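J.: Sequence:
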Amino acid sequence: MTRALMPNMLTPQDLKPNWEWRDRLPAWGHTSVDFERRVDHDRLRRYRLARTRQSLQNSNAGSLLLFDVNNIRYVSATKIGEWERDKMCRFCLLTGDDSPYVWDFGSAAVHHQRYSDWLEPDHCLAGVVGMRGTIPPEFGLMRKYAKMIAQLIKDAGMADMPVGVDYAETAMFHALQEEGIKVVDGQQIMLAAREIKNWDEIQLLTQAASMVDGVYHMIYEELKPGVRENDIVALSNKLLYEMGSDDVEAINAISGERCNPHPHNFTDRLIRPGDQCFFDILQSYQGYRTCYYRTFNVGRATPAQNDAYVKAREWIDASIAMIKPGVTTDKVAEVWPTAESLGFPNEDAAFGLQFGHGLGLALHERPIISRAVSLEHPMEIKTGMVFALETYCPAADGYSAARIEEEVVVTETGCEVISLFPAEELPIANRY
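So the sequence shown is numbered by this note's numbering: it starts at 12 and just counts up by one.
What the hints contain is simulated information worked out from the structure, not anything from laboratory work.
Everything numeric in this text was worked out from a predicted model, so none of it was measured.
A few of these clues could be false.
No more than 20 angstroms apart at the CA atoms, straight line, and that leaves these computed lysine to any residue pairs for SDA-like [stated by the list, open to error]:
1) K193 / N71
2) K158 / E180
3) K235 / G267
4) K98 / R84
5) K235 / D279
6) K155 / A137
7) K322 / P438
8) K393 / K322
9) K155 / Q188
10) K27 / N71
11) K335 / I379
12) K342 / E423
13) K90 / Y178
14) K235 / G225
15) K90 / A119
16) K342 / L386
17) K90 / G107
18) K90 / N71
19) K335 / R33
20) K98 / N241
21) K393 / V428
22) K90 / V50
Please construct the entire structure, taking both the sequences and the accompanying hints into account.
T.: In structure tokens form, the structure reads like this:
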């Protein structure tokens, strides 16, 4: 058996991202084969744990206690059903030189003991604390596990150092403090670890984007009068799950007069001739997320709709041109229009319209790029970052709008776009 995440199995080599910047980034098939070297999952697991340990060592904390399922997966490479995402029913401890401990939902712990052979079996434990308050604190589970966690931290020689916690229920924070644990912000430690993707993560993100390429071709064919926004959402969900998606987080479908202002949702509105429509596909493949907008017109487009699309395209092209290692996020945000120029009172009111955000196991990772935060708090763009850039332009007709988003991988010399459905010009679906 391979215990790839045991401390004595990690080496300095595991921190190497193993990038291969050649030609175009590959989007492999989804199965394992003997004739192509595709995603190396053991290498992926070791890299993620090594990055976490490095980030922890660079902080003032000695341990990490994690309730965020993205962080649990990053550290331990364990995942149960997507239903658990907002339940706060699992947690993970990384302390000292120990391999990860994972407290899981009942029988899932036994499953990991049997099938997750990169973990130590006696570190796969059943346990639950509050499940968002549905198990009241007075039942004592939080105190029970806080005592257990404090003892494990003491045994690892880390009792005198703070513990980084990503998020937890309020009563759990109190239980940890009662055990003498000083809590600090563990989410920042984890986001620092997760911001640089290795070659296997980049391949998974590219595979995820390739699935959305196919969904947009389907939308291009299906978008016509009489079809509803929710029909497109249903067809997109069906196709994504058929292609192997493990979670369709959301699909925005916005058409006609709903385009301006952007509502960030979908309804049962019927598509009509001449509508401008935009969509966002948020889904994951093996945990790695997409955020990928495209705009279409139905049958025909007016000059105002074309003008809005041209501007949105110019803004996104200008931001893509800025992306290379060493550039700071304020320089990217500066090429985007101000909120006031688009009719908003301030940048907070327009937040998320001209936007950049990291992609990985979460939809929003580092870096965040926005005029609302980046101009005064810039971050450096680094090789191996993967993020989405999105722009929005309301049309002069007062109700239409164009929305474009591209996913980019930062290479050693610039960036490569991995969202490939054509968007250089406004696509007209079922042209009259």
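J.: Take the hints in turn and mark each one as holding or not.
T.: A quick look at each hint next to the structure:
A C-alpha spacing of about 11 angstroms is found between K193 and N71, which places the hinted pair at or below 20 angstroms, so the restraint holds. A C-alpha spacing of about 16 angstroms is found between K158 and E180, which places the hinted pair at or below 20 angstroms, so the restraint holds. A threshold of 20 angstroms between alpha carbons decides the hint, and for K235 with G267 the separation of about 12 angstroms falls inside it, so the pair holds. With a C-alpha separation of about 15 angstroms, the suggested pair K98 and R84 falls inside the 20 angstroms cut-off, and the hint holds.
The suggested pairing of K235 with D279 holds, with an alpha-carbon distance near 14 angstroms, which does not exceed 20 angstroms. Pair hint K155 plus A137 holds up; C-alpha atoms about 13 angstroms apart against a cutoff of 20 angstroms. Proposed proximity of K322 and P438 is supported: the alpha carbons are some 15 angstroms apart, at most 20 angstroms. With a C-alpha separation of about 28 angstroms, the suggested pair K393 and K322 falls outside the 20 angstroms cut-off, and the hint is violated.
Of the pairs offered as hints, the one joining K155 and Q188 holds, with about 13 angstroms between alpha carbons and a cut-off of 20 angstroms not exceeded. Of the supplied pair hints, the one linking K27 and N71 is violated, its CA atoms being roughly 24 angstroms apart against a limit of 20 angstroms. Taken as a hint, the K335 and I379 pair is honoured in the structure, with Cα atoms around 15 angstroms apart against an allowance of 20 angstroms. For the hint linking K342 to E423, the alpha-carbon distance of about 18 angstroms falls within 20 angstroms, and the restraint holds.
A C-alpha spacing of about 18 angstroms is found between K90 and Y178, which places the hinted pair at or below 20 angstroms, so the restraint holds. Of the supplied pair hints, the one linking K235 and G225 holds, its CA atoms being roughly 18 angstroms apart against a limit of 20 angstroms. For the hint linking K90 to A119, the alpha-carbon distance of about 9 angstroms falls within 20 angstroms, and the restraint holds. Between K342 and L386 the alpha-carbon distance is near 8 angstroms, which keeps this suggested pair within the 20 angstroms criterion.
The straight-line distance between the Cα atoms of K90 and G107 is roughly 23 angstroms, outside the 20 angstroms bound, and the hint therefore fails. Restraint check: the Cα-Cα separation between K90 and N71 comes to about 28 angstroms, which exceeds 20 angstroms; the hinted pair is violated. Between K335 and R33 the CA atoms are separated by roughly 16 angstroms; this keeps the pair inside 20 angstroms, and the hint holds. Between the alpha carbons of K98 and N241 the distance comes to roughly 27 angstroms, so the proposed pair goes past 20 angstroms and is violated.
The hinted pair formed by K393 and V428 meets the criterion: a straight-line CA distance of about 16 angstroms does not exceed 20 angstroms. Pair hint K90 plus V50 holds up; C-alpha atoms about 18 angstroms apart against a cutoff of 20 angstroms.
Of the numbered hints listed earlier, those contradicted by the structure are 8, 10, 17, 18 and 20.
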